[in-house]
Structure formats: structure tokens, C-alpha cells
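Asker: As a plain string of letters, each chain reads:
Protein chains: 2
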Amino acid sequence: MKKLVTNAYILDMASDEPDIMHKDILIDGNRIVKIDNNIQDEYDEIIDAGGNIVMPGLINGHTHLAMNIFRNYLYDNKLINWLEDAIYPVEEKLDQDSIFWNSCISCIEMIKSGTTTCNDMYFGMNKTVEAIEKVGLRANVAWGMKNDSQIDKFDKTREYALRYNYPGSRINVLVSADSTYNCDVEMLKACKDLAQELHTGIHIHLPETLIEERKVKRLYNKSSVELLDSINAFEVPFVIANGLYLCDKDIEILKKMKGGIIHNPISNCKLSQDICDITKLKQNGINVGLGTDGIGRTRTLDLFEEMKMASYLQKIKTKNQKPIEPYEILKMATIDGAKVIGKSEEIGSIEVGKKADLIFIDSRKIHDATINNICSYILYTINGSDVDTAIIDGEVILRNKMIMSFDEEEARRNAISVIDRV
Amino acid sequence: MKKLVTNAYILDMASDEPDIMHKDILIDGNRIVKIDNNIQDEYDEIIDAGGNIVMPGLINGHTHLAMNIFRNYLYDNKLINWLEDAIYPVEEKLDQDSIFWNSCISCIEMIKSGTTTCNDMYFGMNKTVEAIEKVGLRANVAWGMKNDSQIDKFDKTREYALRYNYPGSRINVLVSADSTYNCDVEMLKACKDLAQELHTGIHIHLPETLIEERKVKRLYNKSSVELLDSINAFEVPFVIANGLYLCDKDIEILKKMKGGIIHNPISNCKLSQDICDITKLKQNGINVGLGTDGIGRTRTLDLFEEMKMASYLQKIKTKNQKPIEPYEILKMATIDGAKVIGKSEEIGSIEVGKKADLIFIDSRKIHDATINNICSYILYTINGSDVDTAIIDGEVILRNKMIMSFDEEEARRNAISVIDRV
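Top line first, the protein sequences correspond to chains C and B. For the first sequence, our numbering assigns the number 4 to the initial residue and increments by one for each residue that follows. For the second sequence, our numbering assigns the number 4 to the initial residue and increments by one for each residue that follows.
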């Protein structure tokens with residue numbers, strides 16, 4: 004099945020400087036096979052981009068999809084109070100249906116706002132995987148381990164990794180240790196061993212709040228990063244969500260890490276934490292991607308909002324008007340995010356040979372003034388609601404802002420009935 | 004002409020605690036005359052709110068409408084460099100057409116994202132007033148005075164104030180001193196005298212950046228607020244844009260002020276300034292509203308984005324997860340903003356006797372989960388693009404997300420041709 008995307012203004016995110024090309028894109032199956040002017044090859048279907056901007060689908064590097072159920076539930080609280088008073092008691096009641104339908108809603112909201120890949124961590128992931136497959140997202144998934152985790156999560160991780168971690172798979176399985184304050188050293192070692200056995204990476208929350216990081220330091224007389232380094236955990240790739248409160252010594256250790264850090268600016272704000280110094284992390288050559296964290300806290304899965312926040316907050320943090328260029332922020336949501344989650348060979352830019360994960364951005368807002376820097380326009384003026392079309396793995400999943408792969412109304416009805424019940 | 008709004012979930016913003024009422028609203032001319040269940044009075048037109056949330060139109064307390072022309076132009080810079088290198092040289096070339104069409108675009112973008120009133124300051128305001136009248140916005144307008152201002156701006160202010168400042172007018176005229184660093188004491192006194200003569204208020208930028216505030220202190224050995232107090236300027240009402248770097252003594256002075264402060268969180272971020280301590284200002288009983296500032300800097304006129312930013316930034320500033328309740332943030336964009344700009348007798352809440360300035364918010368996003376706090380939903384999940392309908396002064400200006408009062412495409416075409424020319 005060959006699809007030809009015509010009339011596209013392509014922002015490919017492939018080079019060091021931004022560039023816009025008015026070219027066609029030929030897709031064969033799930034891959035981009037040609038990018039050129041006026042392609043004359045045979046095709047089965049034509050997709051007119053209507054003069055809109057076509058860029059790589061966005062990559063949400065840290066999510067908890069099933070937590071849609073907690074949206075608006077005992078919001079704006081300290082991390083530990085929010086978890087212990089609001090989240091954990093309800094999590095015990097979550098059944099398979101709850102996880103499936105709420106994961107569906109999250110997948111739909113992400114695709115409608117331009118995200119084509121996410122990196123998810125939670126429990127009951129088998130139903131989240133089912134939702135991801137049905138809606139048609141690309142994803143990494145992981146069963147979050149804590150000290151009280153049953154052996155079952157290790158078995159599930161192994162079972163799903165063996166099933167999904169083949170070359171070219173749309174879904175990949177990582178190992179997940181929840182964090183250093185709720186996983187002891189034995190558990191962290193076991194996670195690292197499992198990741199090595201499965202040739203995959205580890206997804207972890209690492210310093211998210213000051214209280215938790217202090218707890219780790221009191222317990223081990225080491226920072227979280229030093230603790231992981233002391234057990235040689237960084238022999239496997241890491242996706243580190245948050246990366247707050249890192250000292251220079253931590254940064255030295257992380258410079259050698261495979262993977263990188265996912266910055267979640269809205270989630271950090273909502274926990275009233277410091278602003279993560281991603282300017283410094285980037286200057287040290289550490290890959291930095293962007294994430295929304297669970298919708299239970301941040302209330303939106305729109306990565307365009309996270310891009311804006313990342314840019315605004317760095318200006319405050321650094322007292323510099325332009326610490327990170329708009330193009331660099333867009334890279335965090337695309338190619339740099341792909342590097343962090345271990346998928347940059349396949350996605351994150353529009354290039355021949357890569358998977359066909361594309362979004363079309365309605366350019367009417369952009370055309371209403373001079374286009375002297377398209378990236379600053381996308382960053383500061385565009386919202387998720389301006390995304391018109393999303394192609395994932397060569398399939399048109401969103402068209403004219405409508406989900407084509409799934410009955411959105413059915414998902415909403417079921418998610419509401421589940422929420423009412425729980 | 005009587006209009007009946009039916010099937011509305013009304014968030015009236017009139018009381019201390021949020022409340023949602025499923026009632027009808029009867030509008031006679033430009034005023035709300037009845038709010039009740041199942042109104043049976045005669046009417047000329049029915050407006051079905053379709054089960055959506057109906058709230059007061061938002062109030063943007065600090066704008067420079069004509070600056071749409073500078074959107075994306077030499078963005079992200081120090082205030083003085085941005086003004087002197089980018090803005091002032093082009094401003095000299097701005098003609099009447101430039102100001103008219105760019106003001107039109109700004110009016111349209113505001114209404115489409117739920118703003119029904121703004122408080123504008125710039126030069127060439129006669130053409131901005133024309134745009135505001137034609138598109139159908141409610142506004143305060145003011146000719147910004149600086150030291151080099153010609154006497155002409157005083158004359159224009161007086162002429163327009165005499166024409167527009169009658170009871171019930173949709174447009175009102177304020178006096179504007181640009182700031183304390185570019186208006187000397189004589190100019191500030193002249194502005195105060197003019198405001199007293201015209202029985203109106205003063206719109207001013209007051210500490211916006213640390214550099215400018217330090218300049219004032221060096222010059223007068225007084226803060227900006229102390230300087231104004233020393234000439235008894237606060238005998239007239241003030242709309243103070245920004246309010247950064249205020250000391251306790253300043254706050255003591257401002258507690259007695261009529262009017263208040265307009266917080267522009269995105270604009271402050273883009274100038275890499277400190278976070279304004281609106282939590283403290285509010286605790287001191289000072290009215291605080293919200294603004295976008297000129298689109299030349301902030302790139303969006305969407306007040307929902309400013310509400311989110313105001314909430315996120317206060318959590319960082321105060322290290323408290325809930326320094327200001329969501330309902331209080333919504334008040335800043337409605338009734339509290341109305342108090343700051345001197346219009347709370349007429350707008351800012353949905354009450355019998357007030358002007359009919361209403362917006363309908365598409366509630367599909369809201370219905371997808373439990374409504375246990377509608378205000379936190381509106382604050383954290385809704386964007387300007389979810390606004391479906393806007394009624395201003397009893398007229399339906401936006402319906403099904405389309406501007407009814409003006410040819411939007413014509414405005415865009417003309418704005419683009421003007422930008423290309425300048």
C-alpha cells in the first residue's frame with residue numbers, strides 16, 4: 004500500500020538548522036521511501052496536505068495513560084498526599100475495563116493534539132497495550148515496579164518483551180523501576196538485570212520532588228543518580244522522568260548515560276517544585292525530551308503546551324531571554340525525545356527510511372502574519388487543537404481532526420461509565 | 004430586541020464560591036434582564052447553548068492591539084533592545100491602514116478565544132477604535148504618552164473621552180502614561196490632571212523589568228509607586244500593567260488605590276523577569292486582573308493560556324501546591340479584571356442588570372470525566388479554541404466558532420498585505 008502526501012510544507016527536524024521544504028512524501032507500508040518535488044511514482048492513495056505544515060509526530064516521553072480516570076480528582080496537592088489520599092485507594096479498585104477505556108481516551112487525546120508516540124509506565128499494562136494497539140499509537144510500555152510489587156510484574160515484563168520487542172514493532176517493552184525512594188537496592192538491581200536480559204532500557208522517576216530526594220540521601224548518603232551508578236545501573240539505557248535537583252556530580256555521571264531525561268514542566272509546576280535546569284543539561288550534552296506525565300496531575304496531554312511551558316520557564320530560570328532556541332524546543336518534542344526513549348533510528352524526523360509518523364498543522368494561524376521564523380510560530384502560537392491529520396506507522400489515524408481508527412464516542416461513554424462506577 | 008439563551012450551564016462568577024446553574028438567560032437589548040428556570044417571556048430570538056457552560060466573557064486587562072504586526076518579529080529579546088531595534092523603527096512607518104487591519108485581527112483572535120473586553124494602549128488609537136467598533140468588542144482605549152509625545156495625544160484623549168465616556172458606552176477612554184522611566188514628573192502630573200478633568204483613570208506599565216525600575220530609583224531615589232504617590236497620582240484610578248518588583252512600602256500605597264494590577268504572566272516570562280507575587284498582592288486586598296500584553300511579544304491573545312500560566316507560576320513562586328484556588332484565577336479573568344479596569348458595575352459576572360457579555364464553552368472535553376470541580380476543569384483543560392459562542396453587548400459576535408460581525412478572511416488578507424508592505 005503506497006500513499007503519496009502532496010502539497011506539504013515539510014519541517015523535517017533532521018538537520019541542525021530549521022528548514023521548510025515544499026515537497027511530496029511517498030510512503031510504502033509503514034516507511035517513508037521518497038521525499039522529493041512532484042513525485043510521479045505509482046501510489047494507491049493520495050493525501051493532500053492542503054499547504055499545511057507537515058512535521059514528525061510528537062513524542063511524549065513520560066505518561067501514565069490509564070490515569071485519565073484521576074483527571075480532576077483531588078488535584079493540586081503534595082506528591083505523597085496526592086498518592087496516598089487520592090490515588091492509591093482508588094487504584095486498588097481499578098479493573099481491566101477501567102484501565103482499557105481510560106487508556107483509550109488518553110491515546111485519542113494525544114493523537115488529536117499531535118502526539119504519535121508515548122513512553123508509558125503504570126500497572127495493568129496488558130489492557131493499556133490493548134488500547135494502544137486498537138487506537139493505533141506507537142509506544143514504549145513498562146510495568147512500574149515498587150518494593151511491594153509482586154513477582155508477577157517481572158513475569159509480565161518478560162512475557163510482553165519477548166512478544167513485542169522484535170525489529171520494527173510499533174510497541175516496545177521497557178523495564179520500569181518506579182523511583183529510588185520506593186525501590187530498594189535489591190529491587191533496582193533486579194530491574195537492571197532484567198533490562199540486561201531483555202536487551203531493553205529502564206524507565207524511572209528520578210528526582211521529582213525535593214522531599215523524596217532528601218529521603219534517598221538520608222538513607223544511602225548518596226543522591227539517586229549516585230545510588231544507581233554504584234550498582235552500575237547505567238550499563239543499560241535509561242529514560243529518566245523529571246531530573247530535578249541534580250548536582251554537578253550527578254550531571255557528570257549522566258553525561259555517559261545512554262537515553263536521557265524527560266522534562267515534564269507542567270507536572271513539575273503542579274508539584275510546586277523548582278524549575279528543571281534543562282539549559283544546563285543540554286549544554287552538558289544530555290538528551291532532553293518532553294513529557295506530560297499522567298493526566299491525573301497535569302490535566303492535558305497536549306505537548307504543544309509543554310513546549311511553551313519549557314520555553315517560558317527556562318527564560319525565568321536563566322534570566323536570559325533566549326536560553327534555548329525555538330527549534331531546539333521543537334527537537335525536544337521530536338528527534339531528541341526519540342533519542343531519549345531509544346527510537347531515534349525509526350522516528351523523530353521525516354527522512355527516507357524512517358517510519359511514517361507525520362502530523363499536519365493547520366497553517367491558517369501561521370499565515371496571518373510574516374513567516375520569518377516558522378519554529379517560533381509553532382512554539383508560541385500553535386496549540387494541539389491546530390493539528391489536522393496524524394499518520395502513524397503509515398496509517399491515517401487522524402483526518403480533519405477526527406479519529407479514524409476508533410469510535411471516539413464509544414470510548415468516552417465507556418470511560419465515563421467506568422469513572423462513575425469507580 | 005429580546006434574546007433567550009436556553010439549555011445553559013451557567014457559571015455566573017457572581018458569588019464567593021463557584022456554582023453551576025442550569026437556567027435560561029433573557030437579554031433585552033444589551034442587558035441581562037432575567038435569569039431563571041424555563042423562562043416563558045416573549046423573545047425575538049432563541050439561542051440554544053446546547054448544554055454548554057456559559058460564563059462571563061473574559062476581560063483582557065492589558066493589550067496593544069495594533070502590535071499584531073510585530074508578531075514573530077525579532078522575538079525573545081531584552082525589553083530595551085526589542086523596543087529600540089525592532090519596534091520603534093517600524094512604528095515610524097505604521098500608517099492608518101496598518102493600525103486598522105492589525106487591530107481587527109487582534110479583536111477577532113480575542114473574541115474567538117473568549118475575550119469580550121480589553122483595555123488597550125498604543126498610538127494611532129483612532130483607527131484601533133474604528134476596528135473595535137466594527138468587530139464589536141468592548142474596550143477601554145488610551146493614547147500612550149511618553150516624554151516625546153506631541154501635545155496631539157492630549158487633544159486626542161480629550162476629544163475621544165468627550166465623545167465616548169457617556170454612561171453605557173461600549174468604548175471608554177482612559178489616559179495613559181507609558182511608564183515612569185520614559186515619562187518625567189511633569190508629564191506624569193499632566194496625565195493625572197487630564198484624568199481628573201475627564202473623570203477617568205490612568206493606564207500605565209509599572210515595574211515591568213528590573214532595569215527600568217532601577218533607572219527610576221537612581222533618578223528619583225524613589226520607587227515608581229512612591230514617585231506616583233508623591234504627586235498624589237493615586238487620587239485617580241489606576242490600571243497598572245505588570246506590578247513586578249514591588250516592595251512592602253509600594254504595596255502599602257497600592258492598597259489604597261482605586262483600580263488594580265494587571266498580571267501578564269507570559270509577557271513577564273518572555274522578558275525573563277521574576278514571577279509577580281500575585282498571591283501576596285491578593286492577600287493585601289489589591290484587585291488583580293489578567294492580560295496578554297501585546298501580541299508582538301506574547302504571540303497569543305488567548306486568556307485561557309494566561310490563566311494556566313498564572314496558576315502554574317504561583318505554585319513555583321510560593322512553593323505551595325494551591326496558593327490560589329482555580330475559581331480565584333477565573334475571577335481574575337472576569338469580575339476581578341472588571342474591577343481593575345473600572346467596569347465591574349457593568350460586566351465581569353452574569354447578573355440581572357449587567358451588560359450581556361457571555362461566552363459558551365464547548366463542554367465535550369469536560370464531560371469526558373467527572374465534574375467534581377468545574378473551575379479546575381476550565382482552568383487546566385480548556386483552551387481558547389473551545390469557545391463556541393460569544394455575545395457582546397447583547398449581540399452574537401461569535402457563533403459556532405465563526406465571527407459573525409466581520410469578514411475574517413478580508414481582515415487577514417489586508418493584515419498580511421500591510422505587513423508585507425511595512
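No lab work stands behind these hints: they were computed from the structure. It is possible that some hints are incorrect.
Since the list gives no way to pick out one identical chain from another, each pair is judged satisfied if it fits inside one copy or across any two copies.
Simulated crosslink set (DSSO-like; lysine-lysine; CA at most 30 Å straight-line) [what the hints assert, rightly or not]:
#1 Lys283 <-> Lys322
#2 Lys325 <-> Lys149
#3 Lys115 <-> Lys322
#4 Lys218 <-> Lys149
#5 Lys159 <-> Lys283
#6 Lys96 <-> Lys258
#7 Lys5 <-> Lys96
#8 Lys218 <-> Lys325
#9 Lys6 <-> Lys159
#10 Lys37 <-> Lys218
#11 Lys192 <-> Lys342
#12 Lys259 <-> Lys37
#13 Lys5 <-> Lys322
#14 Lys96 <-> Lys325
#15 Lys283 <-> Lys6
Asker: Decide, hint by hint, whether the structure agrees.
Answerer: A quick look at each hint next to the structure:
Proximity of Lys283 and Lys322 under a CA criterion of 30 Å is satisfied in both settings, with 13 Å inside one chain copy and 22 Å between copies. Within a single copy, Lys325 and Lys149 get their C-alpha atoms only as close as 40 Å, which misses the 30 Å cut-off; across copies the closest is 28 Å, which meets it. Proximity of Lys115 and Lys322 under a CA criterion of 30 Å is satisfied in neither setting, with 34 Å inside one chain copy and 33 Å between copies. When the C-alpha separation of Lys218 and Lys149 is checked against a cutoff of 30 Å, the pair qualifies only within one copy, where the shortest distance is 16 Å, while the shortest distance between copies is 56 Å.
Neither within a single protomer nor between protomers do Lys159 and Lys283 lie at most 30 Å apart by alpha-carbon distance, with minima of 37 Å and 51 Å respectively. In this homomeric assembly, Lys96 and Lys258 never come within 30 Å of each other (Cα to Cα): the closest approach is 41 Å inside a single copy and 50 Å across copies. For the identical chains of this complex, Lys5 and Lys96 are neighbours neither inside a copy (46 Å) nor across copies (52 Å), given an alpha-carbon limit of 30 Å. Taking the shortest Cα distances, Lys218 and Lys325 sit within 30 Å of each other only across copies (24 Å), while inside one copy they are farther apart (35 Å).
Taking the shortest Cα distances, Lys6 and Lys159 never come within 30 Å of each other, neither inside one copy (37 Å) nor across copies (61 Å). Taking the shortest Cα distances, Lys37 and Lys218 never come within 30 Å of each other, neither inside one copy (53 Å) nor across copies (58 Å). Taking the shortest Cα distances, Lys192 and Lys342 sit within 30 Å of each other inside one copy (24 Å), while across copies they are farther apart (60 Å). Taking identical chains as interchangeable, the C-alpha atoms of Lys259 and Lys37 are never at most 30 Å apart, the minima being 35 Å within one chain and 68 Å between chains.
Proximity of Lys5 and Lys322 under a CA criterion of 30 Å is satisfied in neither setting, with 50 Å inside one chain copy and 53 Å between copies. Within a single copy, Lys96 and Lys325 get their C-alpha atoms only as close as 47 Å, which misses the 30 Å cut-off; across copies the closest is 28 Å, which meets it. Within a single copy, Lys283 and Lys6 get their C-alpha atoms no closer than 42 Å, and across copies no closer than 58 Å, so neither meets the 30 Å cut-off.
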